[in-house]
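A.B. asks: Kindly produce the complete structure, drawing on both the sequences and the hints.
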Amino acid sequence: QKEVEQDPGPLSVPEGAIVSLNCTYSNSAFQYFMWYRQYSRKGPELLMYTYSSGNKEDGRFTAQVDKSSKYISLFIRDSQPSDSATYLCAMSGEYGGSQGNLIFGKGTKLSVKP
Amino acid sequence: DGGITQSPKYLFRKEGQNVTLSCEQNLNHDAMYWYRQDPGQGLRLIYYSQIVNDFQKGDIAEGYSVSREKKESFPLTVTSAQKNPTAFYLCASRDSYSSYNEQFFGPGTRLTVL
Numbered sequence: 001q002k003e004v005e006q007d008p009g010p011l012s013v014p015e016g017a018i019v020s021l022n023c024t025y026s027n028s029a030f031q032y033f034m035w036y037r038q039y040s041r042k043g044p045e046l047l048m049y050t051y052s053s054g055n056k057e058d059g060r061f062t063a064q065v066d067k068s069s070k071y072i073s074l075f076i077r078d079s080q081p082s083d084s085a086t087y088l089c090a091m092s093g094e095y096g097g098s099q100g101n102l103i104f105g106k107g108t109k110l111s112v113k114p
Numbered sequence: 001d002g003g004i005t006q007s008p009k010y011l012f013r014k015e016g017q018n019v020t021l022s023c024e025q026n027l028n029h030d031a032m033y034w035y036r037q038d039p040g041q042g043l044r045l046i047y048y049s050q051i052v053n054d055f056q057k058g059d060i061a062e063g064y065s066v067s068r069e070k071k072e073s074f075p076l077t078v079t080s081a082q083k084n085p086t087a088f089y090l091c092a093s094r095d096s097y098s099s100y101n102e103q104f105f106g107p108g109t110r111l112t113v114l
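Sequence lines, in order, name chains E and P.
Under the numbering used here, the very last position in the first sequence is 114; numbers go up by exactly one each time.
Under the numbering used here, the very last position in the second sequence is 114; numbers go up by exactly one each time.
None of these hints come from the bench; they were simulated from the model.
Any given hint could turn out to be false.
[To be verified] Below, computed lysine to any residue pairings styled on SDA-like, alpha-carbon distance capped at 25 Å:
id: 1; chain 1: E; residue 1: K56; chain 2: P; residue 2: D95
id: 2; chain 1: P; residue 1: K14; chain 2: P; residue 2: P107
id: 3; chain 1: E; residue 1: K109; chain 2: P; residue 2: K9
id: 4; chain 1: E; residue 1: K56; chain 2: P; residue 2: S96
id: 5; chain 1: E; residue 1: K56; chain 2: E; residue 2: Q80
id: 6; chain 1: E; residue 1: K2; chain 2: E; residue 2: K109
id: 7; chain 1: P; residue 1: K57; chain 2: E; residue 2: E94
id: 8; chain 1: E; residue 1: K42; chain 2: P; residue 2: N53
id: 9; chain 1: P; residue 1: K57; chain 2: E; residue 2: E5
id: 10; chain 1: E; residue 1: K2; chain 2: E; residue 2: M48
id: 11; chain 1: P; residue 1: K57; chain 2: E; residue 2: G93
id: 12; chain 1: E; residue 1: K42; chain 2: P; residue 2: D54
id: 13; chain 1: E; residue 1: K42; chain 2: P; residue 2: E72
id: 14; chain 1: E; residue 1: K56; chain 2: E; residue 2: E94
id: 15; chain 1: E; residue 1: K109; chain 2: P; residue 2: G40
id: 16; chain 1: E; residue 1: K67; chain 2: E; residue 2: T50
id: 17; chain 1: E; residue 1: K2; chain 2: P; residue 2: P39
id: 18; chain 1: P; residue 1: K57; chain 2: P; residue 2: A31
id: 19; chain 1: E; residue 1: K42; chain 2: P; residue 2: Y10
id: 20; chain 1: E; residue 1: K42; chain 2: P; residue 2: S22
[Said to hold, decoys possible] Anything over 12 Å on all C-beta distances counts as not near chain P; from chain E, calculated:
id: 21; residue: P8
id: 22; residue: A17
id: 23; residue: F61
id: 24; residue: T62
id: 25; residue: K67
id: 26; residue: R77
[Stated by the list, open to error] Listed below are several chain P residues computed to face chain E (Cβ distance under 8 Å; list not exhaustive):
id: 27; residue: G40
id: 28; residue: L43
id: 29; residue: L45
id: 30; residue: Y48
id: 31; residue: Y100
id: 32; residue: N101
id: 33; residue: Q103
id: 34; residue: G106
id: 35; residue: P107
id: 36; residue: G108
Small disclaimer: the values here were computed from a predicted structure and weren't measured.
Ideal Cβ positions, reconstructed from N, Cα and C, are used throughout, including at glycine.
C.D. replies: Here it is in structure tokens:
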């Protein structure tokens, strides 16, 4: 079983739809959970950051972490064509040394159609 | 502006040649990373360095080499021993002393073997 599992998609939705992206993980030591957005042929950029369990909201984006189920989600409300990108989940244990290295999912490619 | 630069953006290599990819950061980060990204594979860690003059192998280090002589610079050499080097290469850095575990990425270098 891989440490982090993410459905690669592709996922295609109409403009205005609610998008749900998910990752599951196996390592109970993970404490830091992130979502990166990567546009085609660009480097990833941090979109959302969560420590431990709970929800975090930023505009149209909501990140959820359920440590009991080892499951994280990213919701995008009122999706826009500009949201079309690959979304990578990433997570790590404590931030010192190699424990702080991020483990990435394979990424989900999202396309929002006008 | 603070950030990470990678050069060149595109690189072509003939079989049997070694090539070096440049990564420079002015964020004053101690930790730096090299990833390889292939379609459908997500980000795979090649090498990382937590401090100057020290670096560790990641998951796919065979056929690659690095150096960390300066805090700002972490060049990656793709050697002729790397059998399938065509990929998108991403450099990242992290503030080891921050309570956040975010990695900042450069724009990437696309390497193609002719």
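A.B. asks: Against this structure, judge whether each hint is valid.
C.D. replies: Hints versus structure:
no. : hint             : result
1   : K56(E) / D95(P)  : 22 Å, holds
2   : K14(P) / P107(P) : 23 Å, holds
3   : K109(E) / K9(P)  : 22 Å, holds
4   : K56(E) / S96(P)  : 24 Å, holds
5   : K56(E) / Q80(E)  : 20 Å, holds
6   : K2(E) / K109(E)  : 20 Å, holds
7   : K57(P) / E94(E)  : 19 Å, holds
8   : K42(E) / N53(P)  : 29 Å, violated
9   : K57(P) / E5(E)   : 23 Å, holds
10  : K2(E) / M48(E)   : 23 Å, holds
11  : K57(P) / G93(E)  : 19 Å, holds
12  : K42(E) / D54(P)  : 28 Å, violated
13  : K42(E) / E72(P)  : 21 Å, holds
14  : K56(E) / E94(E)  : 20 Å, holds
15  : K109(E) / G40(P) : 10 Å, holds
16  : K67(E) / T50(E)  : 12 Å, holds
17  : K2(E) / P39(P)   : 18 Å, holds
18  : K57(P) / A31(P)  : 14 Å, holds
19  : K42(E) / Y10(P)  : 12 Å, holds
20  : K42(E) / S22(P)  : 16 Å, holds
21  : P8               : 6 Å, violated
22  : A17              : 24 Å, holds
23  : F61              : 16 Å, holds
24  : T62              : 19 Å, holds
25  : K67              : 16 Å, holds
26  : R77              : 24 Å, holds
27  : G40              : 6 Å, holds
28  : L43              : 4 Å, holds
29  : L45              : 7 Å, holds
30  : Y48              : 6 Å, holds
31  : Y100             : 7 Å, holds
32  : N101             : 4 Å, holds
33  : Q103             : 6 Å, holds
34  : G106             : 5 Å, holds
35  : P107             : 5 Å, holds
36  : G108             : 5 Å, holds
When the structure is compared with the earlier hints, violations turn up for hints 8, 12 and 21 and for no others.
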